[in-house]
Every structure is written in C-alpha cells, then in structure tokens.
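Q: Between the sequences and the hints, there should be enough to build the whole structure, so can you do that?
One letter stands for each residue in the lines below.
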Amino acid sequence: MHRSESRIGVAMISPWLVGFCVLTLFPFGASLYWSFCRYDLLSEPAWVGLDNYRRLAGELAEGGSFARALANTAYYALASVTLSVVLGITLASSLAWKVRGRAFYRTLCFLPTVVPTVAAAVLWLWLLDPQLGLINGFLQKLNLPAQGWFQSTSAAGWPPAWPGDHAGRVFGSKDGLVLMSLWGVGNLLVIYLAALSDIPKTLYEAAELDGAGRTRQFWHVTLPMLTPVVFFNVVMGLIQSVQAFTQIYLVSDGQGDPAGSTLTLSLHLFLTAFKDLDMGYASAMAWVLFVLVTLVTAWLFRTSRHWVHV
Amino acid sequence: MSNGRKCRVRATNQTNSIEIRTWPRSDISPESLQGRWLFSMTSIKPSAARFAAVAASVVFVALSACGATKAVGLREEVVFWHFWGGRDRPIVEEIVEHFNTSQTRYTVRAIAMPGSNLDLKFFLSVAGGDPPDLLNHDDPVVADWAHRGVLTPLDEIATADELSRLRAWLFPAALQLGSYHGKLYALCNGLDIRALYCNKTLLTEHGLDLPETIADLDHIAETIAPPGQTTSRLRMGYLPDPRRLWAWGVVFGGSFANLHAETAEQMITADSPEIVAALAWMADYGRRYGPSEVAAFRSGEQALTGAAFPLLADRRYAVVMDGQWRVRDLETARQANPSLDVFAVKPLPAPPGGRKNAGWVNGNFFVVPGRARHKQGAWEFMKYWSGFDGHEAGAAVACAAGGWIPASQHVVDQPAYQQALHRWPLLKLFVQLAASPDQVPVPPLPVGSLYYNEVVQAAQEVLYRGADPATELGRASNRVRARLSEVLDER
Chain A
1 MHRSESRIGV AMISPWLVGF CVLTLFPFGA SLYWSFCRYD LLSEPAWVGL
51 DNYRRLAGEL AEGGSFARAL ANTAYYALAS VTLSVVLGIT LASSLAWKVR
101 GRAFYRTLCF LPTVVPTVAA AVLWLWLLDP QLGLINGFLQ KLNLPAQGWF
151 QSTSAAGWPP AWPGDHAGRV FGSKDGLVLM SLWGVGNLLV IYLAALSDIP
201 KTLYEAAELD GAGRTRQFWH VTLPMLTPVV FFNVVMGLIQ SVQAFTQIYL
251 VSDGQGDPAG STLTLSLHLF LTAFKDLDMG YASAMAWVLF VLVTLVTAWL
301 FRTSRHWVHV
Chain B
311 MSNGRKCRVR ATNQTNSIEI RTWPRSDISP ESLQGRWLFS MTSIKPSAAR
361 FAAVAASVVF VALSACGATK AVGLREEVVF WHFWGGRDRP IVEEIVEHFN
411 TSQTRYTVRA IAMPGSNLDL KFFLSVAGGD PPDLLNHDDP VVADWAHRGV
461 LTPLDEIATA DELSRLRAWL FPAALQLGSY HGKLYALCNG LDIRALYCNK
511 TLLTEHGLDL PETIADLDHI AETIAPPGQT TSRLRMGYLP DPRRLWAWGV
561 VFGGSFANLH AETAEQMITA DSPEIVAALA WMADYGRRYG PSEVAAFRSG
611 EQALTGAAFP LLADRRYAVV MDGQWRVRDL ETARQANPSL DVFAVKPLPA
661 PPGGRKNAGW VNGNFFVVPG RARHKQGAWE FMKYWSGFDG HEAGAAVACA
711 AGGWIPASQH VVDQPAYQQA LHRWPLLKLF VQLAASPDQV PVPPLPVGSL
761 YYNEVVQAAQ EVLYRGADPA TELGRASNRV RARLSEVLDE R
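Top to bottom, those sequences are chains A and B. For the first sequence, the residue numbers in the working numbering are 1 to 310. For the second sequence, the residue numbers in the working numbering are 311 to 801.
Worth flagging that the hints you see were computed from the coordinates, not collected in a lab. Bear in mind that the values here come from a model prediction, so they are computed numbers and not experimental data. Glycine included, each C-beta is placed from N, C-alpha and C at the ideal position. It is possible that part of the hints are untrue.
[As the list claims (entries may be wrong)] Far from chain A, some chain B residues (derived; all Cβ distances over 10 angstroms):
no., residue
1, Trp394
2, His491
3, Val652
4, Gln767
[To be verified] Simulated DEER-style distance windows between Cβ atoms:
no., chain 1, residue 1, chain 2, residue 2, range
5, B, Glu522, A, Asn143, 40 to 46 angstroms
6, A, Asn143, B, His732, 53 to 59 angstroms
7, B, Arg477, A, Val291, 48 to 54 angstroms
8, B, Thr414, A, Gly49, 54 to 60 angstroms
9, B, Arg399, A, Arg302, 54 to 60 angstroms
10, A, Val114, B, Leu544, 34 to 40 angstroms
11, B, Gln686, A, Leu25, 41 to 47 angstroms
12, B, Glu522, A, Phe290, 55 to 61 angstroms
13, B, Arg681, A, Val291, 43 to 49 angstroms
14, B, Ser795, A, Phe290, 25 to 31 angstroms
15, A, Ala30, B, Glu522, 56 to 62 angstroms
16, B, His516, A, Asn143, 26 to 32 angstroms
17, A, Arg302, B, Arg545, 54 to 60 angstroms
18, B, Arg399, A, Ala30, 36 to 42 angstroms
[What the hints assert, rightly or not] Pairs of lysine-lysine, DSS-like flavour, derived with a Cα cap of 27 angstroms:
no., chain 1, residue 1, chain 2, residue 2
19, B, Lys656, B, Lys738
20, B, Lys493, B, Lys656
21, A, Lys275, B, Lys431
22, A, Lys201, A, Lys98
23, A, Lys275, B, Lys738
24, B, Lys656, A, Lys275
A: Laid out in structure tokens, this is it:
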C-alpha cells in the first residue's frame with residue numbers, strides 16, 4: 001500500500017479513532033488511575049493506593065452493599081442468560097416449522113424488542129404489581145399464590161429465602177427483573193432462526209435413516225449445530241446482563257429497592273459515583289466488575305472446546 | 311451567558327457560501343436567526359445544498375451546546391436551575407416573571423431540570439466550570455456541598471445586617487436546613503412538614519377515634535386490618551413507612567446526630583436507644599403482618615395512577631403519614647366528588663418520654679454555586695421568592711397559590727396566606743408544626759444523603775426482612791461513621 005493511501009485510510013477512520021481515544025480509551029485509563037485515588041469530581045484526585053480495593057474486600061467480607069450487589073448481579077445474569085437461551089431456542093425451533101402464518105408469528109415474537117426500554121419497564125411494573133397486576137391476578141384465578149415480583153424481598157435476599165415465605169411467595173424482586181429481560185428474547189430468536197436455517201438438511205436425512213425421531217434429531221443434530229450461536233449468545237448475554245441498568249433503575253426507584261433486593265453492580269456503581277460522588281471507589285468497583293466478566297468470559301472460552309460443536 | 315461571552319460559531323448563508331466565524335453571543339437570538347436561514351434550497355446546487363444542510367445541522371447543534379440565550383439588554387441574566395414540575399411549574403414561572411418585571415438590574419432565566427438527577431447535573435456543571443447562578447433543591451445536601459467547597463456562603467453576598475435579620479426571620483427548621491458549621495449556605499423558601507392524615511369516615515365506621523397516642527395507632531391498625539389474614543390485603547389501618555424512621559426516631563425522643571462531638575464515631579447516633587425503640591415499634595408491624603406482606607403492600611403504591619394519594623385510593627389506609635401538599639390533593643378530590651370521606655390531620659403521637667409536635671422536616675432551598683457569575687442577582691431573587699426583606703406579601707401569595715409552607719412566620723402572617731389557611735383548614739396544623747423546634751431535618755453533615763439512605767435501608771431490612779433493629783442501625787451507623795471519618799479527613 002502506498003504511503004498516500006495509508007494517510008487517506010487513517011484520515012478516513014480518524015473520526016472514529018479520535019472518538020475512541022477520547023471517549024473510550026481515555027476514560028478506561030483514567031478510571032484505572034482513579035481506582036487508586038480518592039476523587040469526588042470537584043477536587044484533584046488524591047492517591048490512596050489500594051484503599052478502595054481494601055474497602056471492597058471489607059464490604060465483601062462483612063456482606064455490605066457491594067456483596068449484595070455482586071450476589072444480585074450473579075443471580076440476575078445466571079437466570080436471565082439461561083432462561084433466554086432456553087426460551088430463544090424453544091421459540092426458534094417452534095417457529096422454524098413450516099406452518100401457516102409463520103411470518104406473522106415470527107414478527108409477533110420479535111415485536112416486543114422494538115418497544116423502548118423505559119416504556120417496557122413501566123409496562124412490566126404494572127403487569128407485575130403484587131396486588132393489582134395482571135399476572136398476579138391470573139395466578140390467583142388459578143388458585144395459585146400471588147408473587148412478590150418487583151415488590152417483595154422473598155427469594156431475593158442472600159441467601160435466597162427459597163422455597164418461599166408463609167404466603168406462598170416463591171418469586172421476588174429479581175425474578176421480576178429476569179422475567180422482564182425475557183421480553184427482549186426476540187433478538188436472540190432472529191439469530192437462532194438464522195442458525196437453524198444454516199443446518200444442512202443432509203444431517204437430518206442421515207439421522208432419519210438411522211431411525212432418529214424428532215426429539216433425538218433435536219438433541220443430536222439441532223442442538224450441537226446451534227452450540228456456536230449459543231456460545232455467542234451466552235457471552236453477549238452475560239455482558240449485557242452485567243451492564244443492565246435502565247430497567248433496573250426504573251423499577252427499583254433508582255435505589256435498588258426494596259431493601260436492596262434489586263441493587264445490581266451497575267446500579268451500585270452509578271449511585272456510588274454520581275450520588276455519593278465517590279468516584280475512586282466506584283472506579284475500583286468498575287475494575288473488579290471488568291476483571292470478573294473477563295474471567296467468566298475466559299472460562300467460557302476455555303470450556304467451549306468441550307461443548308461447542310465447530 | 312453574559313452579553314460579552316462569545317459563542318463559538320455562527321454561520322451565514324450568502325448565495326452558495328457558508329461562512330463560519332465567531333460572533334458576540336448577545337447577538338444570537340431566535341429572532342436574529344429567523345430569516346437568515348430561510349434561503350431557498352432550489353437556488354443552489356444539490357451538492358452545495360447537502361453541504362449547507364449538514365453545516366446548518368452542525369451550527370444548530372453548536373448553538374444548542376452553547377446554550378444560546380436571548381439578549382437581555384443591560385440587565386444581568388441570572389441562570390436559575392430548579393426541579394419544579396407539574397402543577398407547581400406555572401406558579402414558579404409566574405414568580406420569575408413577576409421578579410423580572412419588578413427589576414431593572416437583573417433578569418432570571420429559569421431552567422427546569424429533572425429532580426431525580428439535579429444534583430448530578432449540578433456537579434457536572436461545577437466540574438465543567440459552567441454552573442448556574444442559582445439552584446433550588448430539596449435533598450439534604452447543603453452540608454455536603456458546603457464541605458466540598460462548591461457553595462457560596464451567604465455572608466459573602468449578604469450584608470451582616472441582612473444575615474442577622476434573616477436568622478431571626480426564619481423558622482428554626484428553615485435555619486437548620488441552610489446551615490453548616492455555624493454559617494448559612496442556603497436560604498429556605500418552603501418547608502415540607504409531615505403529619506398523620508386520618509380518614510375520619512372510615513375510622514367512625516369501625517368505631518374508632520382519631521389517634522392521640524401510639525397505642526391508639528396500633529389499635530387502629532389491628533382493628534381495620536386484623537393480623538392472620540392469609541390472602542393479600544387491600545386495606546391497612548396504619549402501616550409505617552421505612553423512610554419515616556427519620557420522623558419516628560425524633561418523636562421517640564432520639565437524635566440522629568451529636569453535632570458538638572469531636573469525632574465521626576460520636577457524631578452519628580442513629581443506633582441510640584430511642585431510635586432503636588422507634589424502629590422496634592415499626593418492626594412490630596412487620597412481625598404482625600409478615601415482612602413480605604408489608605413490602606408488597608407498601609410497594610404496591612407504585613402502581614397507583616400518577617402521584618395519587620394512597621389515602622384516596624379505594625380507602626387504602628385509614629391513617630397515613632404524608633406532607634402538606636396532600637391538602638391540595640384532598641381539596642381537588644373533594645371538588646370532583648363532594649361526597650368524599652371526611653379527613654382530618656393529627657400530629658405524630660409521642661410515646662411516654664417522647665417529643666410532642668416533633669417530626670422530620672425537609673424543604674426547598676436556594677444555593678449559590680461558588681463559581682456563579684451573578685451572585686448578587688441570585689441573592690435578590692432568593693429574597694424575592696422566600697419573602698425576606700420586605701417581600702413577605704408577594705411570597706405569601708405564591709405560597710398560598712401552591713399550598714406551600716413558608717420559611718418564616720412573617721410570611722404566614724400575611725393576609726394572602728391567612729386566607730389560604732381559611733380556605734384549607736387542614737393546612738393550619740402543618741404551619742403550626744413548622745414553628746416547632748422539634749421538627750428536625752437530616753443532620754447537617756457532609757454525608758447527609760448517604761446517612762439518610764443508610765437509615766432508610768436499615769429500616770427496610772427490619773420491616774421487609776425481619777432483621778433486628780439494633781443490629782441494622784448499628785451497621786448503618788458504622789458505615790456512615792467510616793465514610794464521615796474519611797470525608798472529614800479529606801479536607
């Protein structure tokens with residue numbers, strides 16, 4: 001490549017490059033530095049060494065807000081990612097069948113993803129209201145106990161109060177959040193449908209010749225062939241669920257209510273940084289979160305060779 | 311914001327050319343821009359038109375970013391941020407308009423901000439070096455912000471005589487709300503007082519009287535919602551709100567801080583026996599009905615339409631603690647439905663050894679950022695709205711329109727406000743309570759917001775999870791002590 005072409009190339013990507021350096025790289029480096037400082041946005045950062053990380057360890061040991069936020073985030077991420085994968089594959093497999101009105105049903109399943117997050121959060125707040133909500137009303141009609149959803153701390157504490165309280169409530173605040181996250185499963189559905197259409201028909205024909213029924217074909221052909229996409233969705237879903245903020249902020253009164261049962265790490269980080277103006281501590285928290293997500297992602301990559309069919 | 315400041319770009323279109331140059335900001339106004347951009351896109355080449363459209367967008371964004379202001383002649387413009395919305399917004403706009411009409415020297419430009427993140431926006435503006443000239447807020451942040459050095463002490467903008475008169479003029483609670491370390495940093499323009507709203511009709515139906523004692527309140531709760539019900543409840547006699555430990559703690563004779571103490575350890579006293587006793591009494595409700603039931607019932611209010619008063623929602627409560635603004639709600643509801651239940655208000659009943667006419671108070675206050683450009687203009691507007699220094703009559707009109715509680719008895723005594731009290735008899739009790747020295751705000755400490763939240767969290771743990779009051783308040787206190795100690799060491 002000629003030097004002039006290189007220059008043109010660099011010039012063409014320079015808007016992105018400048019944006020990346022100023023809006024991503026600099027904050028990334030700055031937050032690492034601030035995590036070793038006491039910093040309140042208004043005065044100069046003061047170097048405090050590992051104090052912020054010691055404070056995090058202390059909170060973790062005594063079960064403080066950070067420990068609760070970590071447990072809540074783990075619960076939410078695990079439940080949300082697992083259920084969205086299961087639901088996504090189930091829906092995609094059902095909608096892959098050549099039935100009348102297939103396009104309509106596919107559109108119907110995708111439609112919720114175009115609803116803005118804020119509108120969806122408010123909608124779910126109403127649907128899952130413990131006393132007046134449609135879902136609890138439906139459960140009660142079936143003679144099942146009303147659940148706590150966003151409003152109850154049952155099954156939302158650490159350790160969880162499973163199998164429920166005296167009123168038969170099994171599901172609590174975080175379960176409401178998980179249910180709400182499944183609202184956006186339409187995005188995964190599109191990816192799974194594309195992956196399903198990529199599976200060679202010859203594999204199904206061979207399985208059929210070997211006497212495999214539909215169930216066996218699903219377990220021994222469809223699922224293994226979907227594992228690369230499942231892997232992708234698990235990694236992306238994990239990152240997204242750790243970053244989830246808007247809907248949690250809205251349904252928890254911006255505080256992780258009730259009793260901290262919806263206080264996730266992203267919310268805790270926001271409150272620490274911008275409400276308590278404890279930017280150094282929040283930066284340390286962000287770095288711990290980053291390292292944790294990296295470790296879990298690395299573990300997923302490491303184990304993927306055993307379960308991802310390439 | 312002043313006339314002399316320059317906006318970075320200005321574009322003019324002359325036939326096909328786009329000229330970008332600096333221009334005095336005072337010249338940029340909606341009126342001056344109008345017409346200049348009304349060029350015909352058909353008279354220029356398509357490529358030039360596209361470029362012009364892009365350039366116009368850039369300029370529009372740049373102008374927006376600069377916060378283009380309209381020319382204000384020789385008057386200094388005071389930029390005023392506030393959180394007022396809904397039915398209060400027109401009243402605020404009218405106050406600003408009246409002030410601007412009365413002035414030859416200053417003009418106030420009011421900018422409404424979302425209340426939930428007002429403090430965040432304020433800090434970003436301070437960090438960015440472009441704060442407003444004046445801010446109206448209602449969170450317990452004065453001490454924190456003063457400690458961080460972002461506020462102008464009022465003794466820098468008011469004369470010694472004015473300050474001396476102001477201290478005597480304000481209600482004790484209003485004075486406390488604006489003070490930190492003996493200095494005034496904020497001027498209160500309205501108090502928020504809480505009392506018990508009682509549905510007299512519902513109480514009478516159950517053969518109950520208005521609550522005079524804590525035992526009465528418990529009796530009302532148990533009569534209207536007997537414990538032991540297995541299905542979800544839709545009505546409660548009374549149910550304590552975890553946030554209101556700040557009120558009940560004071561009523562039970564406690565104090566949340568010892569401001570004369572030397573160390574952070576001694577300053578925080580949320581785990582004192584009186585406050586633990588108050589929380590233990592609140593916890594009895596959690597035990598009586600089950601923590602999850604209490605949490606579900608309390609949080610179910612989120613689903614009520616708009617900001618509906620729970621007392622009005624299908625007789626959800628017989629007795630509920632709330633602020634003076636609900637008087638207006640009741641009045642509005644009565645106009646819509648003349649056969650509405652009859653309501654009364656009562657002060658919080660004190661247990662033996664407790665404090666009468668006590669409670670937790672907060673309020674709205676003005677602060678002037680340290681780097682504000684027009685502090686004197688801000689001070690004039692603060693006085694005008696709060697009613698200090700001869701503005702009592704005007705302030706009384708505004709408070710009467712909004713159903714607000716003034717920061718001073720001198721405003722209460724004005725004919726306009728007395729008429730409001732006559733119109734809304736329930737408001738009288740709130741005004742009487744406002745003058746009580748036992749109406750106490752969140753202690754003026756640099757960690758006020760954190761302290762408030764920690765105490766509420768502790769109360770939630772007790773009420774919603776059945777935790778032990780002394781243990782939770784001890785933990786919360788220790789966390790606040792640790793943070794306070796750090797903050798006090800920082801500066």
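Q: Now, for every hint given, state plainly whether the structure supports it.
A: The hints, checked one at a time:
Consistency note on Trp394(B): stated as away from chain A, and its beta-carbon is indeed over 10 angstroms from all of that chain's, at 19 angstroms minimum. Interface exclusion of His491(B) from chain A stands, the closest Cβ pair being 18 angstroms apart, more than 10 angstroms. Every CB of chain A is more than 10 angstroms from the CB of Val652(B) (nearest about 26 angstroms), matching its label as outside the interface. Not every CB of chain A is more than 10 angstroms from the CB of Gln767(B) (nearest about 6 angstroms), against its label as outside the interface.
A C-beta distance of roughly 43 angstroms is found between Glu522(B) and Asn143(A), which places it inside the suggested range of 40 to 46 angstroms. Between Asn143(A) and His732(B) the Cβ separation comes to about 55 angstroms, which falls inside the hinted range of 53 to 59 angstroms. For Arg477(B) and Val291(A), the Cβ-Cβ distance of about 53 angstroms falls inside the hinted range of 48 to 54 angstroms, so the restraint holds. In this structure the hint that Thr414(B) and Gly49(A) lie 54 to 60 angstroms apart at CB holds, the actual value being about 57 angstroms.
Our hint of 54 to 60 angstroms for Arg399(B) and Arg302(A) holds, since their Cβ atoms are close to 57 angstroms apart. The hinted range of 34 to 40 angstroms is satisfied by Val114(A) and Leu544(B), whose Cβ atoms lie roughly 36 angstroms apart. Under the hint 41 to 47 angstroms, the C-beta atoms of Gln686(B) and Leu25(A), about 44 angstroms apart, fit the expected range. Against the hinted window of 55 to 61 angstroms, the Cβ-Cβ separation of Glu522(B) and Phe290(A) comes to about 58 angstroms, which satisfies the hint.
In this structure the supplied range 43 to 49 angstroms is violated for Arg681(B) paired with Val291(A), their Cβ-Cβ distance being about 38 angstroms. One distance hint, 25 to 31 angstroms for the beta-carbon pair Ser795(B) and Phe290(A), holds here, with the actual separation near 29 angstroms. The supplied range of 56 to 62 angstroms is met by Ala30(A) and Glu522(B), whose beta-carbon atoms lie about 59 angstroms from each other. Checked against the hint of 26 to 32 angstroms, the pair His516(B) and Asn143(A) passes, with Cβ atoms roughly 31 angstroms apart.
For Arg302(A) and Arg545(B), the Cβ-Cβ distance of about 57 angstroms falls inside the hinted range of 54 to 60 angstroms, so the restraint holds. For the pair Arg399(B) and Ala30(A), the supplied restraint of 36 to 42 angstroms holds, since their beta-carbon distance comes to about 38 angstroms. As the CA atoms of Lys656(B) and Lys738(B) are separated by approximately 11 angstroms, the hinted pair is consistent with the 27 angstroms bound. Proposed proximity of Lys493(B) and Lys656(B) is contradicted: the alpha carbons are some 34 angstroms apart, above 27 angstroms.
About 11 angstroms separates the Cα atoms of Lys275(A) and Lys431(B), which keeps this hinted pair within 27 angstroms; it holds. About 14 angstroms separates the Cα atoms of Lys201(A) and Lys98(A), which keeps this hinted pair within 27 angstroms; it holds. Simply put, Lys275(A) and Lys738(B) have alpha-carbon atoms about 36 angstroms apart, too far for the 27 angstroms limit, and the pair is violated. Pair hint Lys656(B) plus Lys275(A) does not hold up; C-alpha atoms about 35 angstroms apart against a cutoff of 27 angstroms.
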